[in-house]
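Visitor: Each protein sequence line maps, in turn, to chains A and B.
Read left to right, the first sequence gives residues 1 to 473 (the working numbering).
Read left to right, the second sequence gives residues 1 to 369 (the working numbering).
Just so you know, the hints here were simulated from the structure itself, not pulled from any lab data.
Just to be clear, a hint being listed does not mean it is correct.
Which residues of chain B face chain A? A partial, calculated answer using Cβ under 7 Å [what the hints assert, rightly or not]:
{"hint": "1", "residue": "Thr13"}
{"hint": "2", "residue": "Leu17"}
{"hint": "3", "residue": "Ala28"}
{"hint": "4", "residue": "Ala167"}
{"hint": "5", "residue": "Asn170"}
{"hint": "6", "residue": "Ile172"}
{"hint": "7", "residue": "Pro173"}
{"hint": "8", "residue": "Ile179"}
{"hint": "9", "residue": "Leu182"}
{"hint": "10", "residue": "Phe187"}
{"hint": "11", "residue": "Val309"}
{"hint": "12", "residue": "Ile327"}
{"hint": "13", "residue": "Val328"}
{"hint": "14", "residue": "Thr346"}
All C-beta atoms in this analysis are idealised placements derived from N, C-alpha and C, irrespective of residue type, glycine included.
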Amino acid sequence: MSMAKNRREFRILGMTPSEISGEFFSSSTGKVAAVLFIILIAVSIYALIVLPPNFANVWNNPKYWQLNPQYAPPAWIDSIIGPVFSPQVYVNNYAYGIQQSNGITYVTVSFTANYEYNKPWSEIFIVVNNPAIYSMEQPPVVSITVYRPDGSEMTLGPVPISNRVIVLGVSPEVVSQVNLFYAEKYHITSVVPAGSSAIPYIFYTYDDGKPAPLKGTYKFYLVFYVFSQNSSVINNNDLRIVLQGQAYGLMGTDNMGHDLWLGLLAGFPIDLAVGLLSALIIVIIAIIIGIIAGFYGGLVDESLMRLTDFVILLPAFPLLIVFSVLFQWSIWDAVIFLAIVSWGASARIIRAMIMQIRSAQYIESAVIAGASRMWILRNHIMPQIIPYVLYLLVTNVPGAILTLASINFLGLAGSEYPTWGMLLYYADEFGALTSGYWWWVIPPGLLVAFVAVVFILTAMASEPVVNPRLRYG
Amino acid sequence: MGLARTLAVRAATLVVLLFIVLFVISFALAGPASKILKDEIMMEAKSIVMNLMLHGHYNSTQVQQIENQIITELENAYGLNKPPVIRTLYIMYNMVMFNWGYSYFPSEYGNIGGGKVVDIVLSALPGTILLDTFGILLSAFIGIEIGLRSALKYGSRSDKAVMYYAALANGIPQWWLGIVMLLIFSFYLAQIHSPIYFPTGGIISPRYYETWLLDPVKVFMIPQAVLDLLWHFALPLITVLLINVGGWAYFARTVVLNISQEDFVNFAKIKGLPESQIVNRYILRPAAPSILTSIFITIPFIIFGGFLVTEMVFHWWGLGYVYNIAIVGSPVPDLPVVVALTYASTLLYIVIIFIMEIVYIMLDPRLRE
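Can you make the complete structure from the sequences, with help from the hints?
Guide: This is the structure in structure tokens:
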């Protein structure tokens, strides 16, 4: 080996970069870690693209989620346990007609819904996206005829269109008409419980004194009466009809009807940011303290190590809780506090490394040859500690993520964006344990664990690289 | 002489640490947090005055006077008329003298000992020892055994399985696993009317609760109560074991792997010593100090780390659950309990660490220099 070749070669810990990556990928842990890491990054980028830039506002605006069912399991549950839960339906292909006579405009809308579930649609919404319509002096009214599969028909309404969103099932007319229908047909009075929607009872029949689902095709025929000829006709584009299901989307909904899929997606970038930011601060403080202590030695070293001991011993978690309560901390305050009290162990490792490197013969030779401290730091020490620094960065991420998830779960250090810990907090608050809302509990926890495990596996796989002893089993 | 000096420096560091933590907490409470107390006093004064107005015959100026007087008296009683520095020192003094005062919300803790903070903390101690201390020791015992076997079979399939289990166990929040356990073994088992199911929380059934809080020893005299306690203990203990065994196994594995690469181990192998002797004498003995250190240092850390939330999930009457009630469970933070618990845990922590230092030095004579 010639000297010239040796000098050109870039080596860290006596290994070339290709040797390092070879060592990393030689174990199955390394391969698994790499695959999971790519998935993690890809999903985070996808989340940033898919979520609207004002997602925090959207999430915290209850009106935005008004049409969604609450506490609904994911829609795919039906493909496992059979058609049990009716899914959320946005009626798109309805027949639209318009007529005018005697100064009244009649808008007719008809559609069919195939009902084959055990748990029927819980509400029908009629949305008119045109303020001119529902702020008219005499608002339009809608009346609905339902043709049921058993040949019977139900007439509902007229209900005034005096709002953007009409919640059909709770209007007193509709409730009393459904009650009347059951009284005439099955001789049962007051079938709709007080305070609840009448809509599910459209899809029921009476069997042995109990409501039972009446499956088949339902035909809905809606007539809107608009009391004017010229202005403000209910337009095809302004009108939306939504059947509120009992199952929703990919990940179900929570107590507010939030689409949990979006909430879970939003957790990816924020969790990564929380973990990486705190790990970055930890490692930067650790490098500074470690280098100064290890390089200068003596009294500086002694006092810095006392400080490090102190930081290592601080009961960080209770302090974090106390301060989050007292000072109403946000998640970013908590991240910074956590970083400031967590650098101790990393600083010790870096100091120990520098002490070891410093006592090596080639450093002594360099000192004798008149090299400055900065030169030695840059040329001999930095290249050797960089892989350790990366390793420390990776090992510090999961701790921060888990701690922040715990504190969010206590309802502290929240953010505008939903975090997984906060989703779990609300799940616990709104009876996930007493009502069995598994879709609200399992995914957020699994995702916290997933992100933490990705970093733990990466750290494990890079251990043989930074700790040569583990290299030759 | 060197040993005594080392220990003296450590002891001094630890005492300073205790005082700094105490000072930080007391200062936070005496300064920014006193607003909470002030609001509380205002509310109390308002409600007393409201009562007077309903039943007494006072005019509005008199009522105002009475209200002001009540507020001033209460503020004096709580020391709010003193500057924050004095109050900080006052709180610190009381803490050090174990003069921990009374809870603001005694009913939140079932009025134990009339709301005396010392009694509340003492009532929660057995639960913490049972779940946290016993849980850690048991999982350390199992985990170290697994890690040791794993390290001796380095690179085998079972070794890899242990690694993946450890990664998973370190990544899963313990309290979340607790929720999942409750969901499965408490909620769903009860829902399908399974003959075996577990309680949704609590440390013991309500009829034994009072006995447990006042005199836990008595509970161990009644066989049914012990069974009931075990029934409540099952899910929390399994959760704690599932999570912590993995961490211990990985830790022990790394320590043993590091040592088994040492020259003296290789030399012993070359000498042809029996495997059991190599493991016991040349690997386990040098590994003991770091493993012991870890066990010691984990106990106080864990009480207020992951276990705080875990105890809350299981409504397990331990220090963590009490801490949680004091901070987020009561209408406003229950400051006396918060300070007392933070102080008590830091004190416990420091005592344990100091004992550990001594044990450590005894096990590893090299450290004496």
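Visitor: Against this structure, judge whether each hint is valid.
Guide: Cross-check of the supplied hints:
1. Thr13: 6 Å, holds
2. Leu17: 5 Å, holds
3. Ala28: 6 Å, holds
4. Ala167: Holds, because the Cβ-Cβ distance from Ala167 of chain B to chain A comes to roughly 5 Å (cut-off 7 Å).
5. Asn170: OK, holds: Asn170 of chain B within 7 Å of chain A, min 5 Å.
6. Ile172: 4 Å, holds
7. Pro173: 6 Å, holds
8. Ile179: With Cβ-Cβ at 6 Å, under 7 Å, it holds.
9. Leu182: 6 Å, holds
10. Phe187: 5 Å, holds
11. Val309: At about 5 Å, which falls below the 7 Å cut-off, the nearest Cβ of chain A leaves the hint on Val309 of chain B intact, so it holds.
12. Ile327: Ile327 of chain B check passes; min Cβ-Cβ to chain A is 5 Å, inside 7 Å.
13. Val328: Val328 of chain B check passes; min Cβ-Cβ to chain A is 5 Å, inside 7 Å.
14. Thr346: Holds. Min distance 6 Å.
Checked against the numbered hints given earlier, the structure satisfies every one of them.
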